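Undergrad: From first to last, the protein sequence lines stand for chains A and B.
If you're matching positions, the first sequence starts at 1 in the numbering used here and goes up one per residue.
If you're matching positions, the second sequence starts at 1001 in the numbering used here and goes up one per residue.
These aren't lab readings, by the way, just hints derived from the structure by calculation.
Owing to the predicted nature of the structure, the values given are computational and were not obtained by experimental measurement.
Some hints could be false.
[Claimed, not checked] Distance windows between CB atoms, simulated: (1) A/ILE208 <-> B/ILE1270: 52 to 58 Å; (2) B/ARG1102 <-> A/GLY37: 54 to 60 Å; (3) B/LEU1274 <-> A/GLU136: 48 to 54 Å; (4) A/ALA173 <-> B/LEU1278: 21 to 27 Å.
[What the hints assert, rightly or not] Distance condition first, Cα-Cα at most 20 Å in a straight line; then the derived EDC-like pairs of lysine to aspartate or glutamate: (5) B/LYS1145 <-> B/GLU1158; (6) B/LYS1123 <-> B/GLU1202; (7) B/LYS1197 <-> B/ASP1273; (8) A/LYS107 <-> B/ASP1161; (9) A/LYS115 <-> B/GLU1002; (10) A/LYS107 <-> B/ASP1159; (11) A/LYS26 <-> A/GLU179; (12) B/LYS1051 <-> B/ASP1118; (13) A/LYS107 <-> B/ASP1154; (14) A/LYS67 <-> B/ASP1161; (15) B/LYS1197 <-> B/GLU1110; (16) A/LYS107 <-> B/GLU1160; (17) B/LYS1103 <-> B/GLU1202; (18) B/LYS1051 <-> B/GLU1002; (19) A/LYS25 <-> A/ASP10; (20) A/LYS164 <-> A/ASP234; (21) A/LYS164 <-> A/GLU136; (22) A/LYS162 <-> A/ASP185.
[Claimed, not checked] Just so you have them, the derived chain B footprint on chain A, three or more residues with Cβ under 8 Å: (23) 22–33; (24) 58–71; (25) 209–218.
Even for Gly, the Cβ is constructed at its ideal location relative to N, Cα and C.
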Amino acid sequence: MLQINDITVDFGGVRAVDQVSFVLKKGELLGLIGPNGAGKTTLMRVITGSVTPSLGTVRLEDRILNKLPSYQRIRLGIGLSQQIVSPFRSMTVLENVAFVAGYHKTKNPIASLFKVNRSPENEEAKRLLNMVGIEEVASSSPSNLPLGYLKRLELARALALKPKLLLLDEPLAGLNQVEAVQLSDTLWELNRKGQTIILIEHNLSEVIRICHRLVVIDNGRKIGEGEPHMVMNDADVQSAYLG
Amino acid sequence: MEYEISLLTIVGISIIGALSLNMILGFCGQISLGHAAFIGVGAYTSSILTKSGVPFLLSLPGAMALSCLIGIIVGFSSLRVRHDFLAITTMGVSFLFTGVVRKQEVLGGEMGIAMIPDPGWGKLGYMVFVILLVVILAIFSLYLKRSWMGYTFDAVAEDEDTASIVGVNVASFKLIAFALGTAFAGLAGALYAHNVKFIDPESFGFIESITVLSMVVIGGTGSVWGVITAAAVLSVFPLWFQFIDDYKLLVYGTLLCIVMLFSPQGLSGIVADLKGRLVNSKEGLHAAD
Ligand SMILES: Nc1ncnc2c1ncn2[C@@H]1O[C@H](COP(=O)(O)OP(=O)(O)OP(=O)(O)O)[C@@H](O)[C@H]1O
Ligand SMILES: [Mg+2]
C-alpha cells in the first residue's frame, strides 16, 4: 500500500533521514521505532508532504505522492496524528473532530458555502471521542486539557478522515500505563478490522505487544526490520537503544 | 429629517465596507491594510460606468466584479506571504492604488471625478436601498459563518498548517475570502460614490483603510454584530463631533491600541466576557444554596 523509497532529508547541513526504504502492506500494523532524534517524525512529515525530501519517492498505492501538496495527500487517504498536538483552540473538542469528519463537505471550497447541516458529523465525532475515551470533554475547549486528552483528540481527528493509512506519531505520550494499554487495545482492534497503521512510539512494551512488524531507525538510517521480538534481540538495535 | 437620512446612508455604507473586510480578516484571518483601495476600485468603476451612460444598478455588479478580480490577484500574494508580511504587502496595495489613480487622466487624476450621476431615487429612496443591502449582507455574513465554508475559514484563520494536514485546500479558501470581501468592498465604493457624487484618490487612501480596519478590530474580528455596531458608531461620531473628525487618526489609533492591548476580541469579546461573568455569578449563587 505504501512504498518508501530511498528517502533522504537534509536540514541545512544535517542529514535527518538517510536513504530509508520500506514497504507497508494493506492491513499491516507497522511499528516505527528509534531513539530520540532518529528521524521518525521527519519521515512522517515526508509522507504527508510537510517536509520535502532531497532524494527518494513516496508511493501510496499506485500514485507517487512527491509532487502533491499535503491536503491532496490527506484526501487520497492518509490520516496523521501528530507528535506535537495542534488542536484548533477556537473550537471545542467536538467541533475539532466534527470539522474533520466533514471533509467531504469541504472538498469543493465553493460548494461548502451551500452546506450547513452539521449533525451527521457531530454524531460521528461523538462516536470517535467515545472510541478514544475522551467523550466527557467533548464540549470543552482544548486549551485547558492535559496532554493525554489532546493526544487522543489528535487521534480522533485523524480517524475522522476515514483514512486508508493511519500515521500515528507517539499517540501514547502523556497517557498513564492503564490509559496507554487501553488505547493500544483500541488501535489493535482498529487494525483487526482492517485499518492499516504506522505507529511511532517510545512505549516499547506496547509496540511489541501490538505490532506485526518493526522498522528501526537510528541517526536517520534504517538499522533493523522484521518481527518484533527478533528485531529487539538484534545487536545493532540493542546498542542503538543503550547508546 | 434630511440630516438623519444622509447620516443613515453614510452609516449603512460604512457597515457594508466593514462587513466586507470582516470576511477577509474576521472570518479567514487574513490581514489587509489596503482595504480602502478595493472600495476605491468599486467607486471609480461604477462612476465611470454611470458617467458613460450605464444605469446605476448595472454599474454595481461591474464595480463588484472588477474589485473582486483585483482582490483575487492580491489574494494570490496571501498565498506567498503571511501575517506581518501580508500586512506590509496590502499596505503597498493601498499606496499603489492612490499612486496609480493620481496619474491617470481618464480617472480624473488628482482632481478626481465630479458630477457622478444621481441614481434618481431621491435621498430617502437611496437610503432605503443602502439599508436593504446592509440587511442582505448582514444575513449573508451570519449564514456564511454557519456554513461549512465558515467552519473552514475558522480553521484556516487559526492555523493554516494544521488545516492542510486535515485536508483543507487552504489556498482556495483564502482566495475565496479575498474574492468575497473585495467584491463587497467594490459595492461599498459604488454606493459611496453615488452618494457623495465626487471622488478623488485621497478618499480611498491609507487612512481610510485604517478606518475600516478599526471598525473590524474594535467590533471584534469575525463577530458580525460587533462589527456592525463598531462601524455604526465610528462612522457617526466624526459627523457628530467635529473634533473627532479633526483628530480621526489619533482617536482611531488610540482605540485600536486599547482594544489590541486589553481586549483583542473587541466589543464582541467584552460582551461575551460580561455574559460569562453573569452566568458564573448565577452558578456561584446556586452553588451557595
Ligand atoms: N525543521 C527542522 N529543521 C532542522 N532540523 C530538524 C527539523 N526537524 C527535525 N530536525 C532534526 O532532524 C533530526 C530528526 O528529528 P525527528 O524529529 O525526525 O526525530 P524523531 O525520531 O521524531 O525524534 P523523537 O523521538 O524525539 O520525536 C533531529 O536531529 C532534529 O533535530
Ligand atoms: Mg518525533
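Undergrad: The structure should be examined with respect to each hint, and the outcome stated for every one.
TA: Verification of the hints:
Separation of A/ILE208 from B/ILE1270 is about 55 Å and conforms to the stated range, judged on CB atoms against 52 to 58 Å. Checked against the given bound of 54 to 60 Å, the beta carbons of B/ARG1102 and A/GLY37, roughly 57 Å apart, stay inside it. Taking the beta carbon of each, B/LEU1274 and A/GLU136 are about 29 Å apart, not inside 48 to 54 Å as hinted. Against the hinted window of 21 to 27 Å, the Cβ-Cβ separation of A/ALA173 and B/LEU1278 comes to about 39 Å, which falls outside the hint.
Straight-line distance between C-alpha atoms of B/LYS1145 and B/GLU1158 comes to about 15 Å, which keeps the hinted pair within the 20 Å bound. Between B/LYS1123 and B/GLU1202 the alpha-carbon distance is near 25 Å, which puts this suggested pair outside the 20 Å criterion. The suggested pairing of B/LYS1197 with B/ASP1273 is violated, with an alpha-carbon distance near 43 Å, which exceeds 20 Å. For the suggested pair A/LYS107 and B/ASP1161, the alpha carbons sit about 17 Å apart, so the restraint of at most 20 Å is met.
A C-alpha spacing of about 43 Å is found between A/LYS115 and B/GLU1002, which places the hinted pair above 20 Å, so the restraint is violated. For the proposed pair A/LYS107 and B/ASP1159, the alpha carbon gap of about 18 Å is at most 20 Å, so the pair holds. Proposed proximity of A/LYS26 and A/GLU179 is contradicted: the alpha carbons are some 27 Å apart, above 20 Å. Distance restraint check for B/LYS1051 and B/ASP1118: the Cα-Cα separation of roughly 10 Å lies within the 20 Å cut-off, and the hinted pair is therefore satisfied.
For the hint linking A/LYS107 to B/ASP1154, the alpha-carbon distance of about 16 Å falls within 20 Å, and the restraint holds. With a C-alpha separation of about 17 Å, the suggested pair A/LYS67 and B/ASP1161 falls inside the 20 Å cut-off, and the hint holds. Between the alpha carbons of B/LYS1197 and B/GLU1110 the distance comes to roughly 16 Å, so the proposed pair stays at or under 20 Å and holds. For the hint linking A/LYS107 to B/GLU1160, the alpha-carbon distance of about 16 Å falls within 20 Å, and the restraint holds.
Proposed proximity of B/LYS1103 and B/GLU1202 is supported: the alpha carbons are some 13 Å apart, at most 20 Å. For the hint pairing B/LYS1051 with B/GLU1002, the CA-to-CA distance comes to about 26 Å; that exceeds 20 Å, so the pair is violated. Between A/LYS25 and A/ASP10, the direct Cα distance comes to roughly 28 Å. Violation of the 20 Å bound is thereby established for this hinted pair. Between A/LYS164 and A/ASP234 the CA atoms are separated by roughly 31 Å; this puts the pair beyond 20 Å, and the hint is violated.
For the suggested pair A/LYS164 and A/GLU136, the alpha carbons sit about 28 Å apart, so the restraint of at most 20 Å is broken. For the hint linking A/LYS162 to A/ASP185, the alpha-carbon distance of about 19 Å falls within 20 Å, and the restraint holds. With a cut-off of 8 Å between beta carbons, the region 22–33 of chain A has 0 residues touching chain B; three or more are needed, and the interface restraint is violated. Counting residues of the region 58–71 of chain A whose C-beta lies closer than 8 Å to any C-beta of chain B gives 3; at least three are required, and the coverage claim holds.
Under a criterion of three residues with beta carbons nearer than 8 Å to beta carbons of chain B, the stated coverage of the region 209–218 of chain A fails, only 0 such residues being counted.
Hint compliance for this structure: hints 3, 4, 6, 7, 9, 11, 18, 19, 20, 21, 23, 25 are not met, and every other hint is.
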